[in-house]
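Participant: As a plain string of letters, each chain reads:
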Amino acid sequence: MPTIRFQLNGAATAVDVDPDLTLLDVLRGGLGLTGAHFGCGAGECGACYVMVDGRATASCDMPMWSVADKDVVTVEGLGTEKQPHPLQRAFISEQAMQCGYCVSGILVSAAALLSHNPLPTEAEVRAALDRNLCRCGSHNRMVRAVLQVASEMATS
Amino acid sequence: MSVPSPVPKLPVNLVANPKLSSWVRFTDDGRVAISPGKVEIGQGIVTALAQIAADELDVDISRIDMVRASTAKSPNEGVTSGSLSIQQSSRALRQVCAEVRQSFIRAASERLGVEGALLDIEDGTISGPRNVRTSYWELAGEVSLDHDATGDPTAKSAAERALAGHSVQRVDIPDKVFARPRFIHDLALLGLVHGRVLRPDISGAKLIAFDETAARGPRPRCDRSRRRFCRRGRRQRGGGRSCAQRLAQERDMVGRRAAAR
Chain A
353 MPTIRFQLNG
363 AATAVDVDPD
373 LTLLDVLRGG
383 LGLTGAHFGC
393 GAGECGACYV
403 MVDGRATASC
413 DMPMWSVADK
423 DVVTVEGLGT
433 EKQPHPLQRA
443 FISEQAMQCG
453 YCVSGILVSA
463 AALLSHNPLP
473 TEAEVRAALD
483 RNLCRCGSHN
493 RMVRAVLQVA
503 SEMATS
Chain B
5 MSVPSPVPKL
15 PVNLVANPKL
25 SSWVRFTDDG
35 RVAISPGKVE
45 IGQGIVTALA
55 QIAADELDVD
65 ISRIDMVRAS
75 TAKSPNEGVT
85 SGSLSIQQSS
95 RALRQVCAEV
105 RQSFIRAASE
115 RLGVEGALLD
125 IEDGTISGPR
135 NVRTSYWELA
145 GEVSLDHDAT
155 GDPTAKSAAE
165 RALAGHSVQR
175 VDIPDKVFAR
185 PRFIHDLALL
195 GLVHGRVLRP
205 DISGAKLIAF
215 DETAARGPRP
225 RCDRSRRRFC
235 RRGRRQRGGG
245 RSCAQRLAQE
255 RDMVGRRAAA
265 R
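From first to last, the protein sequence lines are chains A and B.
Residue numbering for the first sequence follows this note's numbering, beginning at 353 and increasing consecutively.
Residue numbering for the second sequence follows this note's numbering, beginning at 5 and increasing consecutively.
Just so you know, these hints were derived from the structure itself, not from any lab.
Because the structure is a prediction, the values reported are computed rather than measured.
Check each hint, because a few of them may be wrong.
[Stated by the list, open to error] Heads up, incomplete: computed chain B residues facing chain A, CB under 10 angstroms, no partners named:
1. G46
2. P178
3. A183
4. P185
5. F187
6. H189
7. D190
[Claimed, not checked] Reference excerpt, derived from the structure (chain A facing chain B, CB under 8 angstroms, subset only):
8. A366
9. S418
10. D421
11. Y453
[As the list claims (entries may be wrong)] Computed spacing ranges between beta-carbons, pair by pair:
12. A:W417 / B:D32: 23 to 33 angstroms
13. B:P8 / A:A394: 51 to 61 angstroms
14. A:Q359 / B:G221: 19 to 29 angstroms
We put the CB at the ideal spot given by N, CA and C, even for glycine.
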């Protein structure tokens with residue numbers, strides 16, 4: 353099996369896998385990163401989003417061969433409890449979820465948005481999160497959390 | 005004349021799971037393990053139950069560890085559904101905690117030589133006049149909770165509760181935000197096998213052959229080249245045909261097959 357090399361959460365990573373496996377299967381399987389979730393398997397729901405070269409991307413239908421030499425950041429790479437990403441802190445303070453199955457993908461979408469647009473309007477936040485489904489209906493709290501982070505970053 | 009049915013002494017779920025120790029344990033690290041038989045699926049019940057237990061035991065809510073429900077070890081509270089978790093589980097848990105509190109007050113009274121009514125509990129520390137004090141954890145070795153609930157002590161009145169009825173931060177959210185395993189899908193049990201549903205391309209298709217090797221290979225990906233986008237930018241499957249067109253075509257194929265038979 354070929355070796356596929358890529359950056360994963362800032363670390364050089366090499367995996368020997370079937371190049372037709374999806375990135376999500378490799379993350380959750382061999383690499384043990386269960387933050388990105390399997391939702392629809394067809395890139396339609398956003399539960400599996402990871403950042404690939406800075407863009408929120410569905411990992412459930414992304415073949416491993418296309419990951420070679422890319423920079424992948426999963427929700428695990430955003431922050432930890434000791435050093436949380438501002439979005440993670442805001443999602444806790446806004447209590448922005450119910451079941452939380454979609455949250456990893458939404459954090460990734462929001463982080464990608466803020467990295468290229470640090471002060472988005474509410475409409476821009478809604479547009480950026482539009483591809484992430486949340487069946488619990490927690491979107492409004494999530495939008496508030498993202499806007500809160502944006503305004504904090506603008507004043508700091 | 006109808007006779008009012010007697011009020012049951014114990015909540016239903018406590019009758020089914022009467023042993024106090026199956027609900028509450030004081031652990032060596034100065035914490036309280038609360039074990040309900042209901043499952044957190046995002047409704048926030050585990051937080052609500054922690055509030056109720058903290059109120060009744062007089063411990064800080066941050067000292068409480070909510071044990072995830074397990075078929076083997078938790079009280080059997082049946083299914084988690086129907087908006088019944090707080091109604092059923094909390095009544096049982098509240099009564100359990102009231103009884104546990106009373107048992108410890110009794111033990112503390114003996115050890116400290118102070119009448120139980122003069123003792124107070126704050127964040128698990130039991131204290132009385134002239135600065136006498138002990139705690140749940142100091143007494144845990146001598147107070148057995150391996151007995152059934154009696155229904156005797158009465159739980160606190162609503163006015164005496166500090167946490168129930170007020171919003172607190174949900175206990176399950178940090179795990180979800182920091183991507184710590186929280187979901188059934190994150191479990192890898194010993195000997196775990198995976199199943200896969202293989203679906204035909206059209207409805208009404210009949211299985212004539214099965215290639216197991218292909219089924220065991222990588223999960224088939226959605227074919228991006230067939231994707232089209234609708235006006236709102238949402239992806240559509242099936243080469244841009246509308247649902248109605250696709251259904252009509254499928255129906256047509258099924259019809260043709262039926263005619264051929």
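Participant: If you check each hint against the structure, which ones fail?
Facilitator: Violated hints: 8, 9, 10 and 12; rest satisfied.
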